[in-house]
Amino acid sequence: MSNESSTQAYADATRAKGDALIEVSGVDKYFGDFQALKDININVGIREVVVVIGPSGSGKSTLIRCINRLEKHDRGTIVVDGIALSEDIRNIQEVRRETGMVFQQFNLFPHLTVIENITLAPREVRRLPKREAESLAMEMLERVKIPEQAHKYPGQLSGGQQQRVAIARSLAMKPKVMLFDEPTSALDPEMIKEVLDVMVELAEGGMTMIVVTHEMGFARAVADRVVFMSDGQIVEVGTPEHFFTDPREDRTKLFLSQIL
Amino acid sequence: MTAVENRPAPVLSTTPVEWVRERLFPNVASSIVTLLLLPVLIYVGYRAVLFVAVNGRWEVVTRNLTLFMQGTFPRDEQWRIVAQIMCMAFALGVGASTAASAAADRAREAGLPVARQQPLEVVRRFWPLIAFVLVLLYFASTVTPWLVVLGTLALFLLGTAARFLTASFRNVGWLLMALSVIAGFQVVSGTTGRSWVAAAVVVLIALWTSVGLEGLDRLPRLAARVGLSVLAAAIVFGVYTLIPLSGVGWDRWSGLHLTLWVSALAIVLSFPLGLLLALARRSTLPALRMLSTGYIELIRGVPLITLLFMGQYILGFMLPAGSNPSSITRAIAAITLFTAAYVAEIVRGGLQSLPYGQTEAAQALGLPPAKSMRLIILPQALRAVIPAMVGQFISLFKDTSLLYILAINEFLGVRSLVHAQPDFRSVAHAETLVFVAFGYWAFAYAMSRESQRLERRLRVGI
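One line per chain: the protein sequences are H and V, in this order.
Per numbering that gives the first Met the number 0, the first sequence starts with residue 0, numbered consecutively.
Per numbering that gives the first Met the number 0, the second sequence starts with residue 0, numbered consecutively.
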């Protein structure tokens with residue numbers, strides 16, 4: 000394959016298939032002197048599942064944290080559902096309402112019960128009445144298969160259950176896209192599957208997802224596209240088959256040889 | 000590998016002899032310490048009992064019991080204080096029943112068994128205060144204290160009977176409680192000229208209690224709250240203006256009565272002020288941050304007694320002409336301003352103890368900063384600092400004794416009146432000091448125990 004067509008293939012790969020829900024173009028991000036993101040270009044389409052992998056410190060988490068503005072990018076543009084992220088706080092709030100995020104450390108609110116955790120944002124941000132918010136929360140808990148835990152406190156649940164509550168909490172806001180920041184990295188091995196199962200179902204249900212993970216099995220089974228990042232750059236983008244059977248870049252090959 | 004045979008768990012029961020051997024004489028060194036300290040402890044205990052039960056001349060206390068309790072409060076207005084105690088007992092009863100129905104609701108919702116109140120629970124929780132009351136009754140020479148205690152119990156029970164109301168309308172319970180506390184205050188202080196203060200307090204309480212009123216979900220909540228509050232304020236204002244009540248202003252209060260009110264008011268006022276200062280110190284606005292930091296560091300660098308004197312002698316120059324607050328008002332202001340700086344630092348410590356992930360999770364859900372602070376960060380931060388905060392309030396309570404130096408006859412200061420009496424001019428000060436110390440201890444220890452209980456109860460979720 001000639002060099003030119005390879006570049007073309009890369010450009011094609013960063014483009015979403017259908018309409019783009021998220022458009023990231025030319026994004027740089029610095030922490031002090033350290034450049035965490037270098038000229039990131041990636042589009043994510045509606046109902047698409049994009050898995051981001053790469054060694055630690057490669058900027059994966061920073062990238063998805065820029066998408067809901069938990070981190071502020073320094074150059075380039077990020078457009079989520081037609082809203083360009085800017086300094087304007089109303090823009091940011093609007094994007095955050097449409098974007099669910101699941102953290103590595105769950106970050107449930109320990110002083111609230113499970114159902115209070117889930118109903119909080121729908122009631123306070125979407126202004127849903129209490130009863131409606133509660134039936135919505137129960138629906139979400141059914142989806143993550145732990146409705147019986149509704150009135151417990153997060154501290155009384157296992158790690159896997161907590162992470163599923165965190166997913167339900169995000170889903171209750173009816174987001175257009177879900178961001179997962181290493182959702183299974185803080186879990187004991189026997190609990191990883193229950194969380195991944197929920198995520199697989201979510202993907203099959205047509206949710207748009209960006210997932211930062213080290214679970215290659217998940218990437219292979221669910222991803223529409225896999226993004227490999229290293230040193231703050233997107234090194235390679237492709238379908239899972241292409242990615243795991245025929246990686247083009249040396250850095251990708253090296254990474255895959257280390258983890259597989 | 001061979002299986003280890005099952006064994007019964009070791010029985011951990013100790014007879015008194017074993018306890019003594021294990022705890023007091025486990026080895027040579029400890030035995031020597033025990034042998035050295037035991038006689039000292041026994042001797043000190045013996046002297047204490049001897050003083051309290053045999054040698055102490057408690058007449059100086061028993062004959063001045065009223066003076067210790069209410070100081071120089073006009074005797075023919077004494078019914079006001081009795082009425083106040085009754086209002087407080089009623090408020091306590093309503094509060095207890097409302098808290099109980101709230102706890103029962105939570106337990107029922109969570110599918111847990113509703114904890115039954117143990118009959119002896121109250122005794123265990125408040126035994127220092129009960130001991131203080133029993134001592135008062137023992138010292139009492141008239142029937143009045145007995146009647147007051149009986150009346151207090153009766154009104155407390157009446158308050159708990161409000162459960163039929165508070166079970167379904169919890170906010171009504173809290174409002175009723177707050178209103179009877181205000182009524183208790185006003186029955187002594189009177190209402191003339193202070194109606195706007197009462198109206199403002201009622202607005203605040205109504206605003207607070209209507210937060211989360213069931214059924215208001217569908218209405219625009221802010222409008223409903225403001226409407227309710229304005230209505231409540233209008234009623235109170237109207238009533239006060241139409242029916243002015245005479246009373247005894249707090250510049251004429253003294254004794255334990257004054258000590259308790261000064262402490263309560265300073266605690267209630269310094270908490271929100273300290274909270275605001277803590278938030279200001281973490282603000283992103285530099286001017287606000289610097290103001291708050293400057294205030295906190297300035298106040299923390301000055302002794303309380305200096306502030307109290309400044310309140311008496313310097314405050315006058317800073318206030319508009321014509322306003323001349325009583326020395327008690329000035330003292331409350333000084334203590335409040337002092338404590339607020341410490342509360343601010345305690346709250347700031349709590350805010351810093353929370354992982355940043357909590358803020359991020361709230362942001363990611365689209366909660367605006369103010370709501371994230373109010374609903375996520377503050378509840379957790381305040382929970383974490385309960386022990387430090389209550390410690391600060393206990394120290395405030397005891398520091399009110401400094402008012403003695405300003406010639407205000409609070410609980411400790413009353414002693415100077417007692418020892419100025421012809422009958423007791425030459426008696427030793429030990430009895431009155433021990434009695435006053437016991438009184439302070441009873442309240443301070445009760446506060447400390449309640450804080451520990453609160454801590455245990457709130458830890459459930461974490």
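Calculated directly from the structure, the hints in this document are not laboratory data.
Heads up, some of the hints might be wrong.
[What the hints assert, rightly or not] Restraint-style ranges between C-beta atoms, simulated for each label pair:
(1) 275(V) <-> 32(H): 36 to 44 Å
(2) 275(V) <-> 76(H): 35 to 43 Å
(3) 282(V) <-> 137(H): 52 to 60 Å
(4) 29(V) <-> 137(H): 53 to 61 Å
(5) 386(V) <-> 252(H): 42 to 50 Å
(6) 308(V) <-> 85(H): 23 to 31 Å
[Unchecked claim] Here chain H is said to cover these stretches of chain V; the calculated rule only asks that three of the stretch's residues, wherever they fall, bring their Cβ under 8 Å from a Cβ of chain H:
(7) 175-182
(8) 396-402
Cβ atoms here follow ideal geometry from the backbone N, Cα and C, with glycine treated the same way.
Hints versus structure:
For the pair residue 275(V) and residue 32(H), the beta carbons lie near 38 Å from each other, so the given range of 36 to 44 Å is met. In this structure the supplied range 35 to 43 Å holds for residue 275(V) paired with residue 76(H), their Cβ-Cβ distance being about 39 Å. Range check, residue 282(V) to residue 137(H): about 39 Å between beta-carbon atoms, so the 52 to 60 Å window is missed. At about 60 Å, the CB distance of residue 29(V) to residue 137(H) agrees with the hint of 53 to 61 Å.
The beta-carbon spacing between residue 386(V) and residue 252(H), approximately 57 Å, falls outside the hinted interval of 42 to 50 Å. Judged by the Cβ atoms, the range 23 to 31 Å given for residue 308(V) and residue 85(H) is violated: they are separated by roughly 55 Å. Look at the stretch 175-182 of chain V against chain H: 0 of its residues bring a Cβ nearer than 8 Å to a Cβ of that chain, fewer than three, so the hint is violated. Counting residues of the stretch 396-402 of chain V whose C-beta lies closer than 8 Å to any C-beta of chain H gives 0; at least three are required, and the coverage claim is violated.
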